[in-house]
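Work out the full structure: start from the sequences and follow the hints.
Here is what each chain is made of, one letter per residue.
2 protein chains.
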Amino acid sequence: MELWYTENQTPDLRIGFRVKAVLHREKSDFQEIAVYETEQYGRLLALDDVVMTTDRDEFVYHEMMAHVALAAHPDPRRVLVVGGGDGGVVREVLKHPVEEVHLAEIDGRVVAVCREYFPAIAAGLDDPRVKIFVTDGIAHVREKENLYDVIIIDSTDPIGPAVGLFQEDFYRSVHRALTAGGLFAAQTESPFLNGELIRGMHRFLRGIFPVVRLCLASIPTYPGGLWTITLGSRGPDPREPAPGRAVPGGTRYYSPELHRAAFVLPPFVSALVEG
Amino acid sequence: MELWYTENQTPDLRIGFRVKAVLHREKSDFQEIAVYETEQYGRLLALDDVVMTTDRDEFVYHEMMAHVALAAHPDPRRVLVVGGGDGGVVREVLKHPVEEVHLAEIDGRVVAVCREYFPAIAAGLDDPRVKIFVTDGIAHVREKENLYDVIIIDSTDPIGPAVGLFQEDFYRSVHRALTAGGLFAAQTESPFLNGELIRGMHRFLRGIFPVVRLCLASIPTYPGGLWTITLGSRGPDPREPAPGRAVPGGTRYYSPELHRAAFVLPPFVSALVEG
Chain P
0 MELWYTENQT PDLRIGFRVK AVLHREKSDF QEIAVYETEQ YGRLLALDDV VMTTDRDEFV
60 YHEMMAHVAL AAHPDPRRVL VVGGGDGGVV REVLKHPVEE VHLAEIDGRV VAVCREYFPA
120 IAAGLDDPRV KIFVTDGIAH VREKENLYDV IIIDSTDPIG PAVGLFQEDF YRSVHRALTA
180 GGLFAAQTES PFLNGELIRG MHRFLRGIFP VVRLCLASIP TYPGGLWTIT LGSRGPDPRE
240 PAPGRAVPGG TRYYSPELHR AAFVLPPFVS ALVEG
Chain Y
0 MELWYTENQT PDLRIGFRVK AVLHREKSDF QEIAVYETEQ YGRLLALDDV VMTTDRDEFV
60 YHEMMAHVAL AAHPDPRRVL VVGGGDGGVV REVLKHPVEE VHLAEIDGRV VAVCREYFPA
120 IAAGLDDPRV KIFVTDGIAH VREKENLYDV IIIDSTDPIG PAVGLFQEDF YRSVHRALTA
180 GGLFAAQTES PFLNGELIRG MHRFLRGIFP VVRLCLASIP TYPGGLWTIT LGSRGPDPRE
240 PAPGRAVPGG TRYYSPELHR AAFVLPPFVS ALVEG
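Quick mapping for you: the protein sequence lines, in order, are chains P and Y.
In terms of numbering that gives the first Met the number 0, the first sequence opens at residue 0 and continues consecutively.
In terms of numbering that gives the first Met the number 0, the second sequence opens at residue 0 and continues consecutively.
Derived CB-CB ranges, DEER-like:
id : chain 1 : residue 1 : chain 2 : residue 2 : range
1  : P       : Ile-158   : Y       : Met-0     : 21 to 31 angstroms
2  : Y       : Gly-248   : P       : Glu-239   : 26 to 36 angstroms
3  : P       : Asp-47    : Y       : Thr-9     : 23 to 33 angstroms
4  : Y       : Glu-1     : P       : Gly-243   : 53 to 63 angstroms
5  : Y       : Gly-206   : P       : Val-21    : 45 to 55 angstroms
6  : Y       : Arg-175   : P       : Trp-3     : 42 to 52 angstroms
7  : Y       : Asp-47    : P       : Gly-206   : 47 to 57 angstroms
8  : Y       : Pro-73    : P       : Glu-239   : 27 to 37 angstroms
To be clear about the criterion: a stretch of chain P counts as covered by chain Y if any three or more of its residues have a C-beta under 8 angstroms from a C-beta of chain Y, and this derived list gives those stretches:
id : region
9  : 10-24
10 : 249-256
A few chain Y positions that, by computed beta-carbon distances, are all more than 10 angstroms from chain P:
id : residue
11 : Asp-74
12 : Arg-108
13 : Gly-123
14 : Asp-126
15 : Arg-128
16 : Phe-132
17 : Glu-142
18 : Gly-163
19 : Asp-168
20 : Gly-180
21 : Glu-195
22 : Leu-196
23 : His-201
24 : Arg-244
No wet-lab data here; the hints were simulated from the structure.
C-beta atoms are modelled at their ideal positions from N, C-alpha and C, and glycine is treated no differently.
In C-alpha cells:
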C-alpha cells in the first residue's frame, strides 16, 4: 500500500511520510486535526496539514522548549504554557519542582485528541499541579500581571489562529504577566526559511525585554530541520542554567552542556538577531 | 507548472523540491548525475537521486567538513579529499595556508558537471595547489603512507560505490596514510536515521585511532536535517581549534565557538558513540 502524508512546508518544499494508518481526522472550530501512524516517526499530529509533533522526535522540541527556560530561572514556581495542547511541554515542565502549571490552549479538541492518541506526550496533563484553560492565549496573558515566573509559547506557525503570538502587542502582555525576574521562551521557526520573521521579532523584543536571546534545536520533522527558540528575560540571562539548579535527569536531547551550546549560533544565524 | 524532484530519503520518508528547470541529467560510468534548478534552494546536485548539495545550504556542509579538521591541526600542509568532486570542501580547505590539496574522486563526470553548473562551489579546483586524481579513493589511500596531515572523506551514502568508505579496512589505510599527528574527518550520516551505522563505525574506529570524536551540523537538505561528522586523530583532539591557529573569516556556519559547540552532543547522540 502506498499511502503518504505530505506537508507543503513552503510553496516550494515538501516532506512526505509513509502512512500505515489514518487514526483520526476532524475539523474543530479552529483547525483540521489529524493523527497518522507513520512508518518513519511513529504517530504524527498535524494541525491544518502542518506537523506539530511525532512520537519519535517530540523529545527534542518539548525538552528544549521547557528546560532551557526553566533551568535558566533560579526558582520557577508558576509556569504558563500558551498553546501546546498536546501536553509535551507541560510534561517536561513538571520535571522541575514547580507549584503550578497553567496551559492556555485555544482548541480543546487538540487536548482531547492528544490524550487519546498520544498518551505518552499528554501524560502530564492529569498532574494535580496542572490547570487547563481552553481559551485564547492572547486574552489569557493580557489579563495577567506579575503572575508567572516562566511563560512558554508553544504555538503553531504564524498563520491562522497563531498570528498574534508573533506580534509586539502580545509580548508587551507577556512582559506584564511575568514576575520581576521572569522569562519567556517561544518557538520562532526556521533560521533557514523564516529569517525575516526572526529578525523582525528580535527587533521589537529588544524594545520590551532587557535580555533577548536565540537558541537552536534540531527537529527533523520541522521545515529545514533546524529550529529556533527565542527567549526574553526580565532577569537572568537564559544562556546559562541558573547556578545550583538541579536539572532533571533522563533527558534525551537537553543537558546543561547542550543548553549552553544551543546558544552558540552559526554566523548566518547571529546575523539575523544582531542590531 | 508543477515539476518536483523527490528524494526517497528512506523507504518511508521523502523530501520534495519544486523544480524550475532540469539543467542536466546523465548516466556516468558510476551513477546518475542530475542538476536541477529548484525554487527553494537554488541549484541542486543529485547523484543516484540523492541530494549531494544545493547552492543555498552547501556552506554548512563544506565549511564544517573542512574547517573543523583543519583548525584542529596545528599546521596542516598536505590535505586529501576523498570524494567531494563538486569541489566545495576543496574550496574551504584552500582558505587555510595549505601547500597541497589532493582530490581523489572516482567519477570525473561529477567534477566536469560541477565546474559547469556550480562554478561558485567548484571555484577552488583550478587553484595551483590542487591536484585532481580521478580514481578510486580507497585504492588511492591504500597506496599512501605518512603523507597527509588531514584526510577528509566527503562520500555519498553507504550504498553503491561508497560502501567501502564506511568500512574498517579503509580506516586502517587512512591511519597509515596520515602523518604522525594527522587526523581525518568523514561524513557519517544522520543520528536520527542512521544510528547503528554511527555506532558501528565508532566501535571499530576506537580500535584504530587513539582519539575518535563526533560533531554535528544542521543541513536542511539531508535526511533528518542533522548530520554527523566523525573525526579520528593520531594527535590533536579535534574538539578544539589548535592553539594560535588563525581561522578563515567570512564563514557563514563555522566559527571557533561553533567548532566547540558542535561537539556538545545531545544525550541520545552521545549514547551512540559511547562504549
